[in-house]
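Student: If you want the building blocks of each chain, they are given just below.
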Amino acid sequence: MRKTVSRLEIRGSPGVGMRWSNFQRRYAPYIFISPFFILFLVFGLYPSLFSLYMSFQAWTPSDGWGRWKFVGLENYTFTFTDPMFWRSLWNTVWLGVFSGVPQHLIAIPLAFVIHMVLSRFKTFVTAVYFLPYITSSVAIALIFNTLFATHNGVINLVIAHLNTWPLLGALLPDQNINWFTSANIKYALALVVVWQFTGWNTLLYLSAIQAIPKDLYEAAAVDGASRWQQFRYITLPLLRPMMFFAVSLTIIGNMQLFEQPFVLLNGGASTATPGGQTVTMYMYRTAFEWLEMGTAASIAWILFILIGVLTYLNNLIFGRGARGVD
Amino acid sequence: MVKPKKTSASSLLLRMGGYALLIFGGLLTIAPFYFMFVFATHQRSEIFGFPPPIWFGEHFWSNYQILLQKIPFWRAYWNTFYLAFMITITTLFFCSLAGFGFAMYNFRWREQLFGVVLATLLIPAILNLIPFYLLIYQIGWINTPKALWVPAMAGAVGIFMMRQYIVSAIPKELVDAARIDGCSEFQIYWRIVLPLIRPALGTLGLVTFIGAWNKFADVNVIMRTQETKTLPVVLRTLQGATDVEWGAIMAGTALLVAPLLLVFALAARQLMEGLTSGAVKN
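From first to last, the protein sequence lines are chains A and B.
Final position of the first sequence in the numbering used here is 948; the numbers increase by one with none missing.
Final position of the second sequence in the numbering used here is 417; the numbers increase by one with none missing.
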């Protein structure tokens, strides 16, 4: 009602002032949104396209700026034939799965339990689980570096203690684990990543669970559904849109893991421990240690395409019925 | 959740089991922070002695002295704060302005342009690390903080959050009324909208500050001199030495993390709600 009145007033009183304000109204929004687009073009799109261009060039900083050499697909063929690349890719995928899947397998029931048994302390408890997410990955990796120490590291001591328990002990190794060997570092990294991001996923799932209408559960309870049945047939299906969103974020994040392995491996001492080198670390070394900028750009693009494919597959699996999230 | 009509024994058991699980998980989550603060007060030999310390020691001060000796600690701390502050302040301004633009105006290509904003969220950050470094190198911004805060001034996440909030919180009639009273378009944003979106600005400010405070990969490649590096980067370099002073590193880490923990303690609810409100629509 008021809207129409005000429009009429504007139309009804033309003049220089009015023309200026119409001009403003027309162009102001473009000016307001322009900083994003300018910054995106300069610092986002241009570097991306430039790296695509570079991936077909041979260049190292000592060549001097602008002295590119077109090499066709050589960077890509080099990357695809480098065993180190495949090793890094395998590590990344392994880590992606073994640090990604547990996050969600823990977070969904955890969110359900928080929602079920807590009322007053819900925010406090969720905040505790969320703490690792706001903490710097570098700080986290440094802390875990001390906790994973082979001799008298807290984690090894806990394992040694659990070893004395009946049943459980049989499953655990009875010697100190050297976590920083090529074979073991993956497990350490997966543990750190799970610890860091489970709380974030819990928060996402909790917010989705809270949005589920209560009468659904009430109706189910009246029909005699157990808590497990309620979880299985109400909560899980309705969480699907959030699963799509959360799993997408996990895929995008896990495929780019850099800081945790970089710091845990002390700057990527990856010749000694190739088991912990991720694709982004391999890219970083190619660029800043071996100074092969063109090859590094090709690695970045291979990774980009891989992330796109995985996100698409995730879309196929969880995407249907995921309309509630965008 | 549904309250059970009768508190049966099994439901009580479930509840107790739930509490036990939550407490156990919570302790696992807190433990690394606890050890960080404890180790910050011990020497290297104590940290890796048997048994490792589980209570605070008396070497915090000497660890701190080692930090001051080995790295420009307060300089790095200031750099971290300066970078986070500049990114936060500029993000709040440019993102709320753009969010206001997208929320309150009808203009040509609006939906498409907003689609571009959202699409940029899908570009992996790490993809740009190398060309971004080369661009900064080319324009001569290596070792300058503006190389890191200027590109971060108007991010897609912030614009998305601001637009959502302004659409839901501010009636268009209010804007129309301001126009009739002779406000310019920028004045409407500055004097009417900005004061009304304070809660959303608070959340975005927190998210942005935390993200900027924790920056590592790009700072690591852009800042080449000790005077310009931020605290996470210089703490990392301490790790490279042969005789690693883990007590000092833990002290530095604790001092890096402490402000975030403090901010989080004060604003956890707002932060957590703000982070998920973009993800879930009710």
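Accuracy of the hints is not assured; some may be wrong.
What the hints assert, rightly or not - Rough simulated footprint, nothing fancy, chain A against chain B, three-plus residues with beta-carbon under 8 Å: (1) 152-158; (2) 203-214; (3) 249-262; (4) 324-331.
Claimed, not checked - Partial list, computed: chain A residues near chain B (C-beta under 7 Å): (5) Phe672; (6) Ala680; (7) Thr682; (8) Phe743; (9) Leu794; (10) Gln797; (11) Ile799; (12) Glu881; (13) Ala919.
Just so you know, these hints were derived from the structure itself, not from any lab.
For each residue, glycine too, the CB sits at the ideal point set by N, CA and C.
Student: Holds or violated: is the Cβ of Ala919 (chain A) closer than 7 Å to a Cβ in chain B?
Tutor: 6 Å, holds
Student: Counting residues of the segment 324-331 of chain B with a beta carbon closer than 8 Å to any beta carbon of chain A, are there 3 or more?
Tutor: Coverage by chain A is violated for the segment 324-331 of chain B (1 residues, Cβ < 8 Å).
Student: Interface hint check: Ala680 (chain A), Cβ to nearest Cβ on chain B, cutoff 7 Å. Holds or violated?
Tutor: At 14 Å from the nearest chain B Cβ, Ala680 (chain A) fails the 7 Å test, so the hint is violated.
Student: Once the shortest beta carbon distance from Leu794 (chain A) to chain B is found, is it less than 7 Å?
Tutor: 17 Å, violated
Student: With 7 Å as the cut and Cβ atoms as the points, is Gln797 (chain A) at the interface with chain B?
Tutor: For Gln797 (chain A), the interface hint is violated, since the closest Cβ of chain B sits about 15 Å away, which is over 7 Å.
Student: Was the hint right that Glu881 (chain A) lines chain B, CB cutoff 7 Å?
Tutor: 5 Å, holds
Student: Verify the interface restraint on Phe672 (chain A): the C-beta must sit less than 7 Å from at least one C-beta of chain B.
Tutor: At about 5 Å, which falls below the 7 Å cut-off, the nearest Cβ of chain B leaves the hint on Phe672 (chain A) intact, so it holds.
Student: Are Phe743 (chain A) and chain B close enough, Cβ to Cβ, to be under 7 Å, as the hint says?
Tutor: With a minimum Cβ separation of about 9 Å from chain B (threshold 7 Å), the hint on Phe743 (chain A) is violated.
Student: Are there three or more residues in the segment 203-214 of chain B whose C-beta lies closer than 8 Å to some C-beta of chain A?
Tutor: Our answer is that it is violated, as 0 residues pass the Cβ test (under 8 Å) against chain A, missing three.
Student: Count the residues of the segment 249-262 of chain B whose Cβ falls closer than 8 Å to any Cβ of chain A, and tell me whether that reaches three.
Tutor: Answer holds; 9 residues pass the 8 Å Cβ test.
Student: Do the numbers back the hint for Ile799 (chain A), that is, is its least Cβ distance to chain B under 7 Å?
Tutor: The hint is violated - Ile799 (chain A) has no Cβ within 7 Å of chain B, the shortest such distance being about 15 Å.
Student: Can you verify the interface hint for Thr682 (chain A): is its Cβ closer than 7 Å to any Cβ in chain B?
Tutor: Since the shortest Cβ distance to chain B is 12 Å, the answer is violated.
The structure is inconsistent with the numbered hints 2, 4, 6, 7, 8, 9, 10, 11, although it conforms to all the rest.
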